[in-house]
Amino acid sequence: MSRASLVVVANRLPVDRKTAPDGSTEWVTSPGGLVTAMESVMRNAESAAWVGWAGGADEDIAPFDIDTMHLVPVTLTAEEVEKYYEGFSNDTLWPLYHDVIADPNFHRTWWDVYVEANRKFAKAAAAATAEGGTIWVHDYQLQLVPEMIRSLRPDVTIGWFNHIPFPPFELFAQLPKRDSVLRGLLGADLLGFQRERDAINFTTCVRQILGYRANEHQIIVPGLGLEDDRTVEARCFPISIDVSVYDELTKDPAVLARAKEIREQLGNPKKVVLGVDRLDYTKGIRHRLKAYGELLNDGAIDPHEVTMIQVATPSRERVDAYKQLRDEIELTVGRLNGDFAPIGRPAISYMHRTFPRTDMTALYMCADVVLVTSLRDGMNLVAKEYVASRIDERGVLVLSEFTGAADELRAATLVNPHDIDELKSAILHALAMSEEEQQDNMRSLRRQVFDHDVQRWAADFLESLERMGGDRSEEARKAPARPTLSADACPPRAELDSALESFAATPRVLVASDFDGVLAPIVANRDEARALPESLQALRSLSGLDGTNVALVSGRSLEDLDSLTEMPSSVVLIGSHGAEVGALPESVDAGILDSSSLSMTDERRSQLETITAALERISRKYPGTEVEKKPTAAVLHTRNAKGRGAANATEEALEYARSIRHAKVTPGKAVVEFSVIPATKGEAIEALARACACDAWLYLGDDVTDESVFHRAGDSDLTIKVGGGETAASFRIAGPEEVKELLAELLAKRAG
1 MSRASLVVVA NRLPVDRKTA PDGSTEWVTS PGGLVTAMES VMRNAESAAW
51 VGWAGGADED IAPFDIDTMH LVPVTLTAEE VEKYYEGFSN DTLWPLYHDV
101 IADPNFHRTW WDVYVEANRK FAKAAAAATA EGGTIWVHDY QLQLVPEMIR
151 SLRPDVTIGW FNHIPFPPFE LFAQLPKRDS VLRGLLGADL LGFQRERDAI
201 NFTTCVRQIL GYRANEHQII VPGLGLEDDR TVEARCFPIS IDVSVYDELT
251 KDPAVLARAK EIREQLGNPK KVVLGVDRLD YTKGIRHRLK AYGELLNDGA
301 IDPHEVTMIQ VATPSRERVD AYKQLRDEIE LTVGRLNGDF APIGRPAISY
351 MHRTFPRTDM TALYMCADVV LVTSLRDGMN LVAKEYVASR IDERGVLVLS
401 EFTGAADELR AATLVNPHDI DELKSAILHA LAMSEEEQQD NMRSLRRQVF
451 DHDVQRWAAD FLESLERMGG DRSEEARKAP ARPTLSADAC PPRAELDSAL
501 ESFAATPRVL VASDFDGVLA PIVANRDEAR ALPESLQALR SLSGLDGTNV
551 ALVSGRSLED LDSLTEMPSS VVLIGSHGAE VGALPESVDA GILDSSSLSM
601 TDERRSQLET ITAALERISR KYPGTEVEKK PTAAVLHTRN AKGRGAANAT
651 EEALEYARSI RHAKVTPGKA VVEFSVIPAT KGEAIEALAR ACACDAWLYL
701 GDDVTDESVF HRAGDSDLTI KVGGGETAAS FRIAGPEEVK ELLAELLAKR
751 AG
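Just so we're aligned: 600 in the UniProt record's numbering is position 600 of the sequence shown, and the numbers increase by one with no gaps anywhere.
For the record, the hints were derived by calculation from the structure and aren't laboratory data.
Where is the CB? At the ideal position from N, CA and C, for every residue including glycine.
Careful: at least some of the hints might be erroneous.
[To be verified] Here are the simulated DSS-like pairs of lysine-lysine, each with C-alpha atoms no more than 30 Å apart in a straight line:
#1 270 x 290
#2 271 x 260
#3 271 x 251
#4 270 x 251
#5 177 x 642
#6 323 x 18
#7 123 x 177
#8 290 x 260
#9 669 x 177
#10 740 x 669
#11 290 x 424
#12 123 x 18
[Stated by the list, open to error] Label-pair distances were calculated between CB atoms; the ranges are:
#13 358 x 65: 23 to 33 Å
#14 621 x 693: 42 to 52 Å
#15 2 x 60: 20 to 30 Å
#16 57 x 585: 50 to 60 Å
#17 68 x 358: 14 to 24 Å
#18 629 x 315: 48 to 58 Å
#19 330 x 644: 34 to 44 Å
#20 704 x 491: 18 to 28 Å
#21 425 x 30: 34 to 44 Å
#22 65 x 343: 52 to 62 Å
#23 592 x 621: 39 to 49 Å
#24 68 x 216: 32 to 42 Å
Working from the sequences, and respecting the hints, build out all of it.
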């Protein structure tokens, strides 16, 4: 499939793998509100794709289609499943974001793997999205993805929606790497939350932790150096359910018969009380059972007339906190049944398994009271499912005020589940409520749910996201070409040989190369870097051929580059990522390479001194890092940093970059460069190609900074990435030894 105009990114794909009795497997669409909502949205999009994990470790699955959806699987290793998903996502973020009902755990290795896993999702989404497309990222597992996508695809519009609560500042501030999480989220144009309070919590954290300007809904994100500021919105978009599904099920004779059958199997009690939850400590199941058990003990509930059903869907069964929770609940249920169950009927019917939607709807239809007692919940769709299933306009919803649903379903019986006495009173009130009061309340609840279904939720979010994308300046929406090669892709050598043959036959050409990592192998001490002599000699020889111009383009200073290469005047030297240009041969039109904009003024020298001092303060905090001073720039080098110093120093340098407005900031491979002259390698090569009046150019580069050259390539130009990593280059070779061979081959073809 070609790239999609709308790409949904979630931790999981919207499908489950089912094994048939004969051992064959097939993919079936997962049940769930998000899948249902996105399926209809994707069906109406010009083209759409879903990026996510298939659910197994170390499974390399090719993209495939199911029903109307194109699915792009992300491969997670066993270590990533353990540390990214079970670790940082579910044992650090989940408890912290749910008011620390359970203690969150933090391990630095979990964070490292979380970063790498998020990068996998971001790269897959960036590669799957059409130019100017829309990417909608979902949930807490992927909080770094928006910023990662923006660095890869500044042309796309990015939204993110949080399906769980966002904690208040006092709790979020406890999270290690909190700055990185906030900056990751602020890569989006629009951030969606379940409740207004969650959106306010987020903007408060941004204001308090990052110091960015923010009002109730809008946040001003400073650009890096000379980049423009961006406006990000954080708003409330309460999620809902597909009411049409429940409207159909409640009219299905099989479902109606099943509801009647369930009640008969329970002994036709006067009242049925129902709890439906994923087995999770946030759902308040223990509080609910405690209140119900006390009512049985008090004699306020007669187990001959009232029975309770508790469905606890299995969840995260390898996590210790969940194992312990299951043991506690099953012990409590067993004790209450032992103490109060009549002969032939349980006081509490407990089921620890997953039910199909048909059976769940039947349970809703036979339940007189549903208890939703979450201690903290983003929304809780069980409440809305129950309301949608009550076509008889009867039944009572007892709803925790700590759920997102409580903001909308005001006609429910709202309760503080932490107050056991209040919870007991709410249950008794629900059991005794008159049919007339039930009907009044349920009509109000159903009107709210049916008027605000999941399709409306998705449409509201995407309409707001489209507006945010349209508000961005045209310049901000301009995209570099999408990456041509993924991190591991390498076109056949025969294709490169053919392209090289065509290039060599072009009348006027420019041959240009980076220095470190291309001509010279990467070394720990950059002062000890030495180019392979054969590569330098090939470039010298090429510069002597008719119709051939040669240039070296480096992040090094011009003086440093000159001393390391000792090139003749026929080779153009460009240093400091294009901010410094050496002497030009007669074949190059010096007028086109006007250096007036590259001159250092007193103001720029003062700016450079300030930046250098700031980087030196950062460097002193992280052993092994150092600051290189150039004529027009200062560079923080982190290659030799100790421990985690490289990542921490880089993060601090980039945060500093957001506080200044007079330097071009270029993050590279173990470097962050601050230049007071706004130039890039890409701009330099583009200008040099015009000055040479060449018909085509070839460029060899290995770094992030070389991507600005690759993005500018035309159909006749030849771009070659040296080493691994995703790139906009058309071809890839392994390292400097292969560069030496390629230059020798080009020289032979060009001379011939």
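Range first: 39 to 49 Å. Now tell me if the beta carbons of residue 592 and residue 621 are that far apart. holds, 44 Å
Proposed proximity, residue 18 with residue 123 (alpha carbon, max 30 Å): Measuring from Cα to Cα gives roughly 28 Å; hence the hint holds.
Status of the given 48 to 58 Å range, CB of residue 315 versus CB of residue 629: Roughly 56 Å apart at Cβ, these two residues keep to the hinted range, so it holds.
Whether the CB-CB distance between residue 68 and residue 216 falls inside 32 to 42 Å: Since the Cβ atoms of residue 68 and residue 216 sit about 38 Å apart, the hinted range of 32 to 42 Å holds.
Taking 34 to 44 Å as the stated bounds, is the beta-carbon spacing between residue 330 and residue 644 within them? Given about 43 Å between the Cβ atoms, the range holds.
Can the suggested window of 34 to 44 Å be confirmed for the beta-carbon pair residue 425 and residue 30? holds, 38 Å
Would the hint linking residue 177 and residue 642 be met if the CA-CA limit is 30 Å? holds, 19 Å
Restraint status (C-alpha distance of residue 271 to residue 251 at most 30 Å): holds, 22 Å
Mind checking the alpha carbons of residue 669 and residue 177 for me, to see if they're no more than 30 Å apart? holds, 21 Å
Does the structure keep residue 271 and residue 260 at a Cα separation of 30 Å or less? holds, 13 Å
Just to be sure I understand the hint, the distance between the Cβ atoms of residue 358 and residue 65 should be within 23 to 33 Å; is that true here? Check passed, 27 Å falls within 23 to 33 Å.
Holds or violated: residue 123 with residue 177, Cα cutoff 30 Å? Holds, because 22 Å separates the two Cα atoms, which is no more than 30 Å.
Violation of the numbered hints given earlier is absent; every hint is satisfied by the structure.
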